[in-house]
Amino acid sequence: MPVDVDAEVMANRALTSDYNVLALAAPQIAAAAAPGQFVMVKPGSGFDPLLRRPFSVFEVLRDPRGMPTGLTILSKRIGPSTALLYDARPGQRVACLGPLGRPFTTVDPPAEAWMVAGGVGLAPFATLAESLRARGVTTTLFYGARRSTELFYLDFFRALNVELVLTTEDGTAGERGRVVAPLDRQLASRSAGSAVMIYACGPEGMLAATARTAMKYSRPCQVSVERIMGCGLGGCYSCVIPIRGDDGGFHHVRSCLAGPVLAADQVRWD
Amino acid sequence: MDLSTRIGGLTLKNPIMAASGCFGYGVEYADVVDLSSLGAVVTKGLFLEAREGHPAPRIVETPAGMLNAIGLQGIGARRFVDEKLPELRARKATVIVNVCGTTLDEYVEVSRILSDADGVAAIELNISCPNIKEGGIQFGCSLPGTAAVVSAVRKVTRLPIMPKLTPNVTDVASFARAAEDAGADAVSLVNTFLAMVIDVESRAPKISNVVGGLSGPAIRPIAVRMVHECRQAVKIPIVGMGGIAGARDVLEFMIAGANAVQVGTANFVDPFIWPKLLEGISDYLQRHRIARVADLVGTVEAGHAHERT
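In order, the protein sequences belong to chains R and D.
The C-terminal position of the first sequence is numbered 270 in the numbering used here, with every residue numbered one higher than the one before it.
The C-terminal position of the second sequence is numbered 309 in the numbering used here, with every residue numbered one higher than the one before it.
Among these hints, one or two may not hold up.
Some chain R residues well away from chain D (every beta-carbon gap over 10 Å; in silico) [said to hold, decoys possible]: (1) 13; (2) 31; (3) 106; (4) 147; (5) 265.
Derived lysine to aspartate or glutamate pairs resembling EDC-like cross-links, with alpha carbons at most 20 Å apart [claimed, not checked]: (6) D:206 <-> R:48; (7) D:155 <-> D:181; (8) D:276 <-> R:4; (9) D:206 <-> R:204; (10) D:276 <-> R:6.
Hints in this document: simulated from the structure, not taken from any laboratory.
Ideal Cβ positions, reconstructed from N, Cα and C, are used throughout, including at glycine.
Whenever a hint applies, use it, and build me the whole structure from the sequences.
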């Protein structure tokens, strides 16, 4: 059951002139959140901006005894709401509703986990990597960004012994190009007998390419989709995703309830 | 203190309803709201058959509001009766179904199915959705069309009938009167205002349907004015809506002439708004020593403009 917390901003760290990590004192939500779930966030109580915005739970913050104290969100400044979140100061209040949505399904050894992240789509993979590594799953992060300065939290994943495969569009770090290219190569060289679960989050084009690549090699793939979302609870029907029907047609499911994590082969990507 | 209010033969425990299209089928909110605490839950619009609605993007935020063109995605009347109504009954929700149609016959057939079902308290006739090509607003934008839908459905149900009126007409009060004359037990208003938002960089509309319906606090003063006009035109109960975001807004609609209200967009922002609205109304009644919320309806002191200094 989701709760709404009038959460105090614990910290706000600018990563670049557009990206920031905002820490919110919402221990109940942090304690209940599973990897892949999201929160609906609204800075300020006024009417402009009016609606909440969805964010993956990025990190669960804990005190020295391991008790959850809050959560962080990874935000990119693209409009008025994210501008307010970028400029939020410690002590300010941000409404935070969650946890919401269907989380990732984890795997166990000997299956491996390959996480594919594009840009701000890194967000759900910090908690997923922690969960997978705690289960002893060999985990790889394929992570693409525009440039090296927009590849974040690499040390966090290294500390978890997550193998990193990096790409940048300008070639300033890792391989030049899109993140799906090394994913495709590694799947091609992988023996079909070894189980790999692919997890993907990022821009829609990247998700579609990842889904097609996974299908090409008959690998299971879970995608975390992002849609413009009005409520996060199934009330507004704005966040729909077309899902393939048995009859060759499609039907719209609400990504807030049926997702945000969906089986990639069920989504109609065209 | 008496918060009850009457809509035709139906007595609601309080005047606060969840608006159609903003609350799913109600069951989605069973974990966060005590559905039995609401005056009524108005379901998402129901046609005879399931509909997939428009592609995303379906909404865009606007100053103090939002534009939507969902396209009445829904599961159809029979699946609603089989799959959603039992839980709504178990949760003791007062259920008003929002009935849609592309033809007169479809309104009649959907109304018949829902009238036969156990647990439906009233019918809201959706003759005002701005986002579908056939039906709906075609009836709601014509006085004979409005009368035709109401009188056709009147013949097949004993449930209270409440057409939901569009504000996208010159004189909404004449539509309220047409509905009353045709046998409606109440009218609800307003549905959304037809509107458009364009991304100037790409010159593309921001929602897939190009145009959509504007809701939220931005439209509230227009909706209040329309309720006021309809109150002077009809005797039947009015259910007011349009941008309600707090108890003061509920009171404003009731003073303008609404016997009950619906809350839509504000539920997206704060799904826990319902008890806050009820507390706010009770506080007001206590402060003003008004015993029954029904005594507030239509009490606007139109001759006494008040400037707060």
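Hint by hint, here is what the structure shows:
1. 13: 27 Å, holds
2. 31: 17 Å, holds
3. 106: 24 Å, holds
4. 147: Per Cβ check, residue 147 (chain R) is outside 10 Å of chain D; nearest 22 Å; holds.
5. 265: At about 20 Å from chain D, residue 265 (chain R) clears the 10 Å cut-off, so the statement holds.
6. D:206 <-> R:48: 18 Å, holds
7. D:155 <-> D:181: This hinted pair holds, its Cα atoms lying about 14 Å apart.
8. D:276 <-> R:4: 14 Å, holds
9. D:206 <-> R:204: 17 Å, holds
10. D:276 <-> R:6: With Cα atoms ~15 Å apart, residue 276 (chain D) and residue 6 (chain R) stay inside 20 Å; holds.
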